[in-house]
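Residue strings, one per chain:
Protein chains: 2
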Amino acid sequence: MYLGGIEAGGTKFVCAVGDDQGTVFAKEKIETRDPEYTMSRVISFFKNFKIESLGICSFGPVDLHRDSATYGYITSTPKAGWANYPFVRTMEEALHVPAGFTTDVNGAALGELACGAAKGLDGCLYITVGTGIGAGLITENRLLNGVTHPEMGHILPRRYRGDDFEGICPYHRDCLEGLASGPALKAHWGRPAAELPANHEAWTIEADYLAQALMQYVLIVSPKRIVMGGGVMKQKQLFPMIRRRLQELLAGYIVAPEVKENINDYVVPPALGDNAGITGALILARQALDEKKSDKKYA
Amino acid sequence: MYLGGIEAGGTKFVCAVGDDQGTVFAKEKIETRDPEYTMSRVISFFKNFKIESLGICSFGPVDLHRDSATYGYITSTPKAGWANYPFVRTMEEALHVPAGFTTDVNGAALGELACGAAKGLDGCLYITVGTGIGAGLITENRLLNGVTHPEMGHILPRRYRGDDFEGICPYHRDCLEGLASGPALKAHWGRPAAELPANHEAWTIEADYLAQALMQYVLIVSPKRIVMGGGVMKQKQLFPMIRRRLQELLAGYIVAPEVKENINDYVVPPALGDNAGITGALILARQALDEKKSDKKYA
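Quick mapping for you: the protein sequence lines, in order, are chains P and W.
Sequential numbering from 1 applies to the first sequence in the numbering used here.
Sequential numbering from 1 applies to the second sequence in the numbering used here.
It is possible that part of the hints are untrue.
If several chains are the same, the list does not tell them apart, and a pair holds so long as it fits within one copy or across any two.
[Stated by the list, open to error] Below, computed lysine to any residue pairings styled on SDA-like, alpha-carbon distance capped at 20 Å:
| hint | residue 1 | residue 2 |
| --- | --- | --- |
| 1 | Lys79 | Val255 |
| 2 | Lys260 | His65 |
| 3 | Lys119 | Pro269 |
None of these hints come from the bench; they were simulated from the model.
Model the full structure from these sequences, guided by the hints.
Right under this line is the structure:
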């Protein structure tokens, strides 16, 4: 059974045909320009295969409310042509298969839970630290959603002592994303994060902000495991720094052994690397198919 | 059908017999001393009625993991006699009925969702601001739980400009609970919160800290509605101050109409007043009964 997956990002779309074990049979990367350019190529790719269903994990913000008139839309993005774009409807009409839809980070969480660093658990939090900062949460095998999907990158960490960088978030200035995303690091230190040496003080500050974020997530949603991906997290020296600082901040208050004793297995890099999102898209495709079948059964 | 409910607090236990609509037929308050004193009275109360099941909403920390050896226990409390106390087993053995078990704030969330300020929705966040600060979250009609239950009161707000009160949390000093709970207000201002005039600057600072907490909750779990209860929230002047400050902090980033346009219906006082917890305990009793019945069906 062939499933289709789309990981729709701000710079490129990754399209794949594969199965729900994360095996990919065919893959294509398509540049994110305007919808006309990009979507015609996306649709052409999938028309080469006989897929049963499709999973779409998209940059956002997106509308995930099934009963909303704009369900399956990319909503208020500043990206030219993509605001109010009916992503799900376009794909369903072009390919005549059911489509699942969620955010890019939710997709990565689904992928890591099913086949990656959180395999065997019933939930995890996936956070990406890259061009932006965002996270998705799964508890009891369900993606968390509320009046909107989570926007965990915009929380307010306490400022690191002596750090007077003003922050770059157009909404909140010095929120987590404004202080600790890849572009924030570049603006702060005058060169790309990847060019800063591993012992640069930038990483001490970065680890503090990210540990503060993880502290809030642990206290508020108590994830089963935290998977940290995205370009900035390729700086592997961050992991032990973040774990240590997180335990300092929690000060022994959370006694769950996952956090207190086994932090090395609690805050981890993705096992799927850059494939977490597209794997999640295939899982989502499978869920969309199962859902459609169960609809029929009761119809 | 009679259901039993217990709202177990640090100073008193409220025991009630009622139905799952929140109607209470009989109620008794029992002082929280050692387990021997308190529990013998609790059990005697319920033995006067023929209840079908029991719901227990308890002070904590508690163990909510069904597959844990200490499920249904109060775990690491400093309260004399109550550490490692097998609450659920004690009640089930004494009354021979199934028992549901959760935290006190989860209970209040269940009550407000079923019969109170969040009625008609599929989820809400209930936060109590009183002796301590804690919160429970329901999404898609399910209580959120992870490696432990949420401990949302211990997040770190940014310090209000000029506020140098050191905070009273024994773990984190100036976390939310350390700065904004009832005892923190008393330690900061030298008299009980209830005696501070409504225009005292204490309330401006309090509203800022609580709005910061709500901001984190909105960004991380996006609750369908936020119900604010507990002793400190009886200061009704706080509600408009918190709503205004929350919107300032979010800076228009969350476009969901619940937050952006209808904040007066989004951040609300409990509709059940001090009865939220005991109502939730009765709902929980009903759930425990339903669960037992469905077990039988498949046994």
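| task | Hints the structure violates: just list their numbers, smallest first. | result | none
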